[in-house]
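There are 2 protein chains.
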Amino acid sequence: MAKLLSEELKYDGPRFKVFQRRYEREDGLKYIRDSVEPGNAVVILPITDKNEVIFVKQEREAIGKIALELPAGMIDADELPEQAAKRELEEEVGIKANKIEYLTEFYSSCGYTNEKLYVFLAKDFEKGKQHFDGTEEILNIIKIPIEECMKKLENNEFEHAQMQIAIYTYYYRYYNGGKNG
Amino acid sequence: MAKLLSEELKYDGPRFKVFQRRYEREDGLKYIRDSVEPGNAVVILPITDKNEVIFVKQEREAIGKIALELPAGMIDADELPEQAAKRELEEEVGIKANKIEYLTEFYSSCGYTNEKLYVFLAKDFEKGKQHFDGTEEILNIIKIPIEECMKKLENNEFEHAQMQIAIYTYYYRYYNGGKNG
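Just so you know, the protein sequences line up as chains A and B, in that order.
Numbered according to my numbering, the first sequence spans residues 237 to 417.
Numbered according to my numbering, the second sequence spans residues 237 to 417.
The following block holds chain A by itself, in its conformation from the complex (with noise of 0.2 Å):
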C-alpha cells in the first residue's frame, strides 16, 4: 500500500465531507486522492407475505428525478446496521419488521468514495409511524411482485445500485441458483 504523506479537508458539507490525500508510492511516485466521505447506509428490502416488494418513490435532486428505490436511509453514529435498517423502514414506511436478515454489503464506487451499504431483508409486518428526517418526503409506496420485479430488472427499468443488488442477492439465495434453486 502507498504512503499516506498528508491530508486535507477540502469541503465540509451537510451532506459529505470531502478529503484530498496525498500519498508516496513505493516506486517513490507521489500522486493525490480526493475522497467524498459521507458515511455509511442502510438498504431495506421489505418483502410482503404476498410476496410483494416495497418500493418508495422520491425526488432526487442529484439526477433531476422522481426516484423508484428502496427504503434507505444513513446509520446514525451510535448505531449498528440492522437498527438503522429497521429505523429507517418504520420512518420511511411507517411499517415495522419483525424479522430482519442480513442479505449483502457493497461500495458502491470505491474509486472516490468510502460509502458503504449494508442490505438487510425485512419481514412480517406490523404497523408504525412514518416520518420523514429533515427535508427528505416519500412521495409513494409503491408494492411490485417479486417476479415482475425480475422482469423489471431484466428490462433495466430498475436504475439503482443498491435495488439491482439488493433484489438479485435475495432472488438468487432463495428462488433459482441459489441453496433453493
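Worth flagging that the hints you see were computed from the coordinates, not collected in a lab.
Be careful, since some hints might not be right.
Copies of the same chain look alike in the list, so a pair counts if it works inside one copy or between any two.
[Stated by the list, open to error] In silico lysine to any residue, SDA-like type, Cα no more than 20 Å apart, as pairs:
| no. | residue 1 | residue 2 |
| --- | --- | --- |
| 1 | K388 | R409 |
| 2 | K246 | Q256 |
| 3 | K253 | E297 |
| 4 | K239 | Q294 |
| 5 | K322 | E362 |
| 6 | K239 | K301 |
| 7 | K379 | I299 |
| 8 | K388 | E341 |
Please arrange chain B on chain A, whose structure you already have, making use of the hints.
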C-alpha cells in the same frame, strides 16, 4: 419536482466537482442539496472461453484497501459507453474484445452523486496493449470461474456494487432464472 433557485460550485477537484443547489418545494419549503459530479463510467465483465471472469486488483485509497474489482473507468467526453468499455479493457487488462454486449446500467448512489455506470459483457479476446491512465496502476489480473464467482457472491466476498451487479445480471440472463433458466 422542486424548483431550482440557485447553484454554487463548492469544490472543483481533479476527480469530481461538488455543487450545492438551493431548491423550493411546491409547499414553499426551501432546502439545499449537495451533489458530487464525477462524470459517468463503464464496468466490463470479461468472460473467457473457459467461463472465467477476469478481475483486476488495484489500490483503492478511498477505502484503504487493495481491491478486487472488475475492470472499469471513466467515459471520456467524446466517447460512447461501449467505446469506453473497449478502451478500458485494453488499458487495464491488455486484451481487445471482439464481442461487447450491453448488460445494464445503474446510478451508484443517487442521494448525493449523479454518477451513472454502464455495464458491458466482453468476450472473444485478442492480445492488446496494457497501459495505465496517469497514476492508476493494475497490480494483478485474476481469473475466477463463473460458478466460483456465484459462491463468492453468496459468501459476500465481492465487496463492490459494480461486480455484484455485473455478475448477477449476467448469470440471471444466461444461466438460472432468466430466459435460459
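Structure-based check of each hint:
When the C-alpha separation of K388 and R409 is checked against a cutoff of 20 Å, the pair qualifies both within a copy, at 19 Å, and between copies, at 12 Å. Proximity of K246 to Q256 under the C-alpha cut-off of 20 Å is found in both arrangements, the shortest distances being 6 Å within a copy and 14 Å between copies. Taking identical chains as interchangeable, the C-alpha atoms of K253 and E297 lie at most 20 Å apart whether they share a chain (19 Å) or sit on different chains (16 Å). For the identical chains of this complex, K239 and Q294 are inter-copy neighbours only, at 15 Å across copies versus 42 Å inside a copy, given an alpha-carbon limit of 20 Å.
Taking CA atoms no more than 20 Å apart as the test, K322 paired with E362 passes inside one copy only; the shortest distance there is 12 Å, against 50 Å between copies. Taking CA atoms no more than 20 Å apart as the test, K239 paired with K301 passes between copies only; the shortest distance there is 12 Å, against 41 Å inside one copy. Taking identical chains as interchangeable, the C-alpha atoms of K379 and I299 are never at most 20 Å apart, the minima being 23 Å within one chain and 35 Å between chains. Taking identical chains as interchangeable, the C-alpha atoms of K388 and E341 lie at most 20 Å apart only when they sit on different chains, with a minimum of 13 Å there against 22 Å within one chain.
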